[in-house]
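Peer 1: Sequence:
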Amino acid sequence: PSRLEGLPMSLLEAMHARVAVVATDVGSVREVLDSDAVGVVVAPGDAPALAEAIGALIDDGQRRHGLAAAGQARALEQYTSAVNVAAYAAVYDRVMAEPTHRLRGRPNARG
Numbered sequence: 484p485s486r487l488e489g490l491p492m493s494l495l496e497a498m499h500a501r502v503a504v505v506a507t508d509v510g511s512v513r514e515v516l517d518s519d520a521v522g523v524v525v526a527p528g529d530a531p532a533l534a535e536a537i538g539a540l541i542d543d544g545q546r547r548h549g550l551a552a553a554g555q556a557r558a559l560e561q562y563t564s565a566v567n568v569a570a571y572a573a574v575y576d577r578v579m580a581e582p583t584h585r586l587r588g589r590p591n592a593r594g
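Under the numbering used here, the sequence shown has 581 at position 98, and the numbering climbs by one with no breaks.
Simulated from the structure, these hints should not be mistaken for laboratory data. Just so you know, not all the hints are guaranteed correct.
[As the list claims (entries may be wrong)] Just the calculated beta-carbon pair ranges, DEER-fashion: (1) G489 to V574: 16 to 24 Å; (2) E496 to Y575: 22 to 30 Å; (3) P582 to D543: 52 to 60 Å.
Please read these numbers as outputs of a predicted model, since none were measured by experiment. Glycine included, every Cβ here is placed at the ideal spot set by N, Cα and C.
Modelling step: build the complete structure from the supplied sequences, incorporating the hints.
Peer 2: Now the structure itself:
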């Protein structure tokens, strides 16, 4: 488990593969897992809580399969290449729609 992380790719890969996720509460993990709706979040550095969460999912197949299905659905809805491309395109569209501003007093490339 990570102590420092932005958006863990292994988390998204597991969700896409329909694998139930247990992760530490770092970076954007809680946001991606929708606060335990599609995975289990434990405190960083809390090995007993991590072991307990993993054990609980091993013992509860129904919950494990439910989290795996919910995780995959969320991944396919919000974390795909198509979604990312559309988000970037929207940013570019907004920027291009804004009026341009010239910087005053800035020398040109030739000096």
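Peer 1: Work down the list of hints and note, for each, if the structure agrees.
Peer 2: Evaluated hints:
1. G489 to V574: 16 to 24 Å: holds, 18 Å
2. E496 to Y575: 22 to 30 Å: Holds, since E496 and Y575 (Cβ atoms, about 27 Å apart) stay within the stated range.
3. P582 to D543: 52 to 60 Å: The hinted range 52 to 60 Å holds for P582 and D543, with Cβ atoms some 57 Å apart.
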